[in-house]
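K.L.:
The primary structure of each chain is shown beneath.
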Amino acid sequence: MADDHPDRDPSEGETGEDKKKGGWFKRLRAGLGRSAANLGGGITGIFTKAKLDDDTLEELEDLLISADLGPAVAARVTEKLAKERYDKEVSPDEVRAVLAEQVAQILDGVAAPLDVERGHRPHVILMVGVNGTGKTTTIGKLASKFRAEGKSVMLAAGDTFRAAAVEQLAVWGERVGCPVVTTKLEGDAAGLAYDALVRAEAEGIDVLMIDTAGRLQNKAALMDELSKVIRVVTKKLGQAPHDTLLVLDATTGQNAVQQIDVFKDQAGVTGLVMTKLDGSARGGVLVAAAEKFDLPVHFVGVGEGVDDLQPFDPQAFAKALVDAV
Amino acid sequence: MFDSLSDKLGAIFDGLQKRGALKEADVTAALREVRVALLEADVALPVVKDLMGRVKARAVGAEVLRSVTPGQQVIKIVHDELKETLGSDGQGLNIHRAPPVPILMVGLQGSGKTTTSAKIAKRLTERDKQKVLMASLDTRRPAAMEQLKTLGEQNQIATLPIVEGQTAADIAKRALQAAKLQGFDVVILDTAGRMAIDEDLMAEVEQVRRIADPAETLLVADSLTGQDAVTTAKTFDERVGITGVVLTRMDGDGRGGAALSMRAVTGKPIKLVGVGEKADALEDFHPERIAGRILGMGDIVSLVEKAQETFEQEKAERLARKMQKGRFDLDDLSTQLQQMRKMGGMKSLMGMMPGMGKLQKQMDEAGFDDRMIRRQEAIISSMTPQERRAPDLMNASRKRRVAAGCGLTVQEVNRLLKMHKQMSGMMKRMGKASKRGGGMPNMAALMGMGGAAPGMGAKLPPGMGLGPGAMGPGGPGMPGLPGDGDGDGLPPLPPTGGAGSGRKPKRRKK
Numbered sequence: 000m001a002d003d004h005p006d007r008d009p010s011e012g013e014t015g016e017d018k019k020k021g022g023w024f025k026r027l028r029a030g031l032g033r034s035a036a037n038l039g040g041g042i043t044g045i046f047t048k049a050k051l052d053d054d055t056l057e058e059l060e061d062l063l064i065s066a067d068l069g070p071a072v073a074a075r076v077t078e079k080l081a082k083e084r085y086d087k088e089v090s091p092d093e094v095r096a097v098l099a100e101q102v103a104q105i106l107d108g109v110a111a112p113l114d115v116e117r118g119h120r121p122h123v124i125l126m127v128g129v130n131g132t133g134k135t136t137t138i139g140k141l142a143s144k145f146r147a148e149g150k151s152v153m154l155a156a157g158d159t160f161r162a163a164a165v166e167q168l169a170v171w172g173e174r175v176g177c178p179v180v181t182t183k184l185e186g187d188a189a190g191l192a193y194d195a196l197v198r199a200e201a202e203g204i205d206v207l208m209i210d211t212a213g214r215l216q217n218k219a220a221l222m223d224e225l226s227k228v229i230r231v232v233t234k235k236l237g238q239a240p241h242d243t244l245l246v247l248d249a250t251t252g253q254n255a256v257q258q259i260d261v262f263k264d265q266a267g268v269t270g271l272v273m274t275k276l277d278g279s280a281r282g283g284v285l286v287a288a289a290e291k292f293d294l295p296v297h298f299v300g301v302g303e304g305v306d307d308l309q310p311f312d313p314q315a316f317a318k319a320l321v322d323a324v
Numbered sequence: 000m001f002d003s004l005s006d007k008l009g010a011i012f013d014g015l016q017k018r019g020a021l022k023e024a025d026v027t028a029a030l031r032e033v034r035v036a037l038l039e040a041d042v043a044l045p046v047v048k049d050l051m052g053r054v055k056a057r058a059v060g061a062e063v064l065r066s067v068t069p070g071q072q073v074i075k076i077v078h079d080e081l082k083e084t085l086g087s088d089g090q091g092l093n094i095h096r097a098p099p100v101p102i103l104m105v106g107l108q109g110s111g112k113t114t115t116s117a118k119i120a121k122r123l124t125e126r127d128k129q130k131v132l133m134a135s136l137d138t139r140r141p142a143a144m145e146q147l148k149t150l151g152e153q154n155q156i157a158t159l160p161i162v163e164g165q166t167a168a169d170i171a172k173r174a175l176q177a178a179k180l181q182g183f184d185v186v187i188l189d190t191a192g193r194m195a196i197d198e199d200l201m202a203e204v205e206q207v208r209r210i211a212d213p214a215e216t217l218l219v220a221d222s223l224t225g226q227d228a229v230t231t232a233k234t235f236d237e238r239v240g241i242t243g244v245v246l247t248r249m250d251g252d253g254r255g256g257a258a259l260s261m262r263a264v265t266g267k268p269i270k271l272v273g274v275g276e277k278a279d280a281l282e283d284f285h286p287e288r289i290a291g292r293i294l295g296m297g298d299i300v301s302l303v304e305k306a307q308e309t310f311e312q313e314k315a316e317r318l319a320r321k322m323q324k325g326r327f328d329l330d331d332l333s334t335q336l337q338q339m340r341k342m343g344g345m346k347s348l349m350g351m352m353p354g355m356g357k358l359q360k361q362m363d364e365a366g367f368d369d370r371m372i373r374r375q376e377a378i379i380s381s382m383t384p385q386e387r388r389a390p391d392l393m394n395a396s397r398k399r400r401v402a403a404g405c406g407l408t409v410q411e412v413n414r415l416l417k418m419h420k421q422m423s424g425m426m427k428r429m430g431k432a433s434k435r436g437g438g439m440p441n442m443a444a445l446m447g448m449g450g451a452a453p454g455m456g457a458k459l460p461p462g463m464g465l466g467p468g469a470m471g472p473g474g475p476g477m478p479g480l481p482g483d484g485d486g487d488g489l490p491p492l493p494p495t496g497g498a499g500s501g502r503k504p505k506r507r508k509k
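Keeping their order, the protein sequence lines are chains W and Z. Quick note on numbering: numbering that gives the first Met the number 0 labels position 217 of the first sequence as 216, and the sequence is numbered without any gaps. Quick note on numbering: numbering that gives the first Met the number 0 labels position 219 of the second sequence as 218, and the sequence is numbered without any gaps.
Just to be clear, a hint being listed does not mean it is correct.
What the hints assert, rightly or not - Quick partial rundown of chain W residues pointing at chain Z, CB under 7 Å, derived from the structure:
#, residue
1, Leu215
2, Gly267
3, Thr269
4, Gly270
Stated by the list, open to error - The calculated label-pair distances, taken between Cβ atoms and stated as ranges, are:
#, chain 1, residue 1, chain 2, residue 2, range
5, W, Tyr85, Z, Arg31, 40 to 46 Å
6, Z, Asp330, W, Gly186, 33 to 39 Å
7, Z, Arg57, W, Asp293, 42 to 48 Å
8, W, Gln238, Z, Val409, 36 to 42 Å
9, Z, Val409, W, Gly190, 17 to 23 Å
10, W, Ala96, Z, Asn93, 47 to 53 Å
11, Z, Thr408, W, Gln238, 32 to 38 Å
12, Z, Asp279, W, Gly267, 32 to 38 Å
Stated by the list, open to error - When the alpha-carbon atoms are kept at most 20 Å apart in a straight line, the in silico EDC-like pairs for lysine to aspartate or glutamate are as follows:
#, chain 1, residue 1, chain 2, residue 2
13, W, Lys150, W, Asp306
14, Z, Lys277, W, Asp53
15, W, Lys183, Z, Asp252
16, W, Lys263, Z, Asp212
17, Z, Lys48, W, Asp53
18, Z, Lys55, W, Glu57
I should point out that these hints are in silico values taken from the structure, not numbers from a laboratory. Beta carbons: idealized from backbone N, C-alpha and C, even for Gly.
Could you build all of it, start to finish, from the sequences and the hints given here?
P.N.:
This is how it looks when you write it as structure tokens:
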């Protein structure tokens, strides 16, 4: 039964995880520790005592659902497993390996690095997403990364709605040493984007990142506002924005699929970033999203530190998710 | 794309209803679908299992099988169980204590704690006449303290002066001290976002809790949360002892499964819900409404309340009298259009009406848009007072003048006039039929979209009897519009200026 899983006791599981700065795989695993412990532990619980029968498969499906893979994807993965292993004795390790393999397979096509050296100057990146997913923080982390690579970076504080969003980005600008283009609160985001483009062009900036206000995808007026920002940018500079990144929160459930769908349609999203994978959320919806959309996942956020934004590695993600060796 | 939960359950039960008599297997199959729908709605698995167990026990009983309307029976059972899981009706904030009463806000990063703090402060200030102080204990996120300070300034709420370099515990002590000395009734402590598994930060918030001994410890949670809702709610409850939950972003198109999950695993009430970006977009939580909305039964109570808040009583009575006499001129129509916009536009209204989920979808597909309401207002405001009172005056040359005045076409002017004619005709009939004058005309018929709207018997304020009639989808690329009835003048209509935006400062003040 799902209710018997050892992970239901929240005091357990993370105690052994050290928070030291190790390799990124290690840290992702530490971050995903809880979900992995849950999933892995659940599977162990199932398979040490039972053959792969219908009940077991249902439990397995439930476990995948608990990881936010969504009922449809969970059912498919379970079905595949049933085809291959039905009525056979399966060890927990084997199941995890198969599971990791399947998850990695689905995710394989979507792993792609963010290439900002495609000959555009400035290379314009637009950050979009629902409120509170971590757009501004992600911009800060990306800026730091680009600066470390020796690129010149400019930030445009396009969230003119949320109180102190501009100040938040300005702090990041100071931290990483790059100019931040701002306007007043309630100012026009599209106008600001235009100003930033003009400045970035004049100053020969390598990467310009434009922040936007968070918006729920079902607010037509706000989505229109975003379209306007993009129109203005494109009008000013041919192919820009060269990348439009949708920032997803790992704690978001199946609604993330809807978010991708609408933002892709209305803002021309070209890639995804998933944040907050260091919490107890499992981010399994990324698997569902990978099945549904042909969108690269560029980065995952595994902590609040500057170095905690890492390139997306499907193998590591899949393994960490199901705790396979 | 996923359908909304109400659509899903609607489809399932439509199927059930068509088949008439039910077998046990039918109910089981339907319940399996309900289960999937609940999971897709992000209700946490253990909660779904528990719920389905109880529903099944009742649904396969004689209660359903012998029922003439088995579909209705199943809906009722699921609805009852949802309601029961969601808990009792809106329990207000507990601030009955010697002032200053501390309220502690906790939650994950980005769940909306700071915005919610300001909303609660505003509500306590305006509704409960409390003197509120807000303090940000977020020493981590850049500019988090400035955010609260700005929100305080925007809404005339006092905030604790920012002192660099203090710990969260220091700030909490200082806030309580300041509140005591300066005679504040309530002090809201907004904490940094933290992961439930972040040991250091959970210890920090525990410490703050000990210092503050809050009357309310509110977990602010995103209503779009997935299965993690269980872990987060449980952990925060165990570590900090929450007294209630505030669910944010209920105005999104998430299906709100998190509400069920969090309530079920913590047993703590959902006290408030955030329904928009404006500082007053905070509502009481009403389980029966949410359960009803989940099941596609609409949220008529919220609608009426919203209408009452927005609709000025005097205007409403005047309109009702006019309608009884069968007089309904373009000025009245314009007033109605304005009210509608104030209430959050067509879509928000439709979402709350019973059986309107499908219609809402059709509207989306038809490209219906709240901007149309503004255009209609623009047409009316381009008319002379005489024309508004007597639309029959409108001849070809007057129409051309009006069209030029509002930057629209003569066809669009014609469409508005036709719609007004239909509406006034309907109101004349209604006025004869009902002396109360407050009845609700058949919305769907008015909309010209076909399909009857069930359950429309609820008595609504007169302003609600509005349909955009024969309006088609609006063409793109609107030129500038002249000022609307408020006299504050519309800017050249950009795509940004939709009625639902709420991001224009002038709108926020209303």
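K.L.:
None of the hints should be skipped; say for each whether it holds.
P.N.:
Consistency of the hints with the structure:
With a cut of 7 Å, the hint placing Leu215(W) at the interface with chain Z holds, because the nearest CB-to-CB distance is about 4 Å. At its closest, the beta carbon of Gly267(W) sits 15 Å from a beta carbon of chain Z; the interface hint therefore is violated under the 7 Å criterion. Checking Thr269(W) against chain Z: minimum C-beta separation of about 20 Å lies over 7 Å; hint violated. Using the Cβ-Cβ criterion of 7 Å, the hint placing Gly270(W) at the interface with chain Z is not satisfied: the shortest such distance is roughly 20 Å.
Taking 40 to 46 Å as the suggested C-beta distance range, the pair Tyr85(W) and Arg31(Z) does not conform, at roughly 21 Å. Taking 33 to 39 Å as the suggested C-beta distance range, the pair Asp330(Z) and Gly186(W) conforms, at roughly 36 Å. Our hint of 42 to 48 Å for Arg57(Z) and Asp293(W) holds, since their Cβ atoms are close to 45 Å apart. Checking the proposed 36 to 42 Å range against Gln238(W) and Val409(Z) shows it holds: the Cβ atoms sit about 41 Å from each other.
At about 34 Å, the CB distance of Val409(Z) to Gly190(W) disagrees with the hint of 17 to 23 Å. Here the CB-CB span from Ala96(W) to Asn93(Z) is close to 52 Å, well matched to the stated 47 to 53 Å. A C-beta distance of roughly 36 Å is found between Thr408(Z) and Gln238(W), which places it inside the suggested range of 32 to 38 Å. Checking the proposed 32 to 38 Å range against Asp279(Z) and Gly267(W) shows it holds: the Cβ atoms sit about 34 Å from each other.
Using a Cα cut-off of 20 Å, the hinted pair Lys150(W) and Asp306(W) holds, with the two alpha carbons roughly 17 Å apart. For a cut-off of 20 Å, the pair hint linking Lys277(Z) to Asp53(W) is broken: about 50 Å separates their Cα positions. A C-alpha spacing of about 30 Å is found between Lys183(W) and Asp252(Z), which places the hinted pair above 20 Å, so the restraint is violated. For the given pair, Lys263(W) sits about 46 Å from Asp212(Z) by alpha-carbon distance, which is inconsistent with the 20 Å threshold.
For the proposed pair Lys48(Z) and Asp53(W), the alpha carbon gap of about 17 Å is at most 20 Å, so the pair holds. Restraint check: the Cα-Cα separation between Lys55(Z) and Glu57(W) comes to about 18 Å, which is no more than 20 Å; the hinted pair holds.
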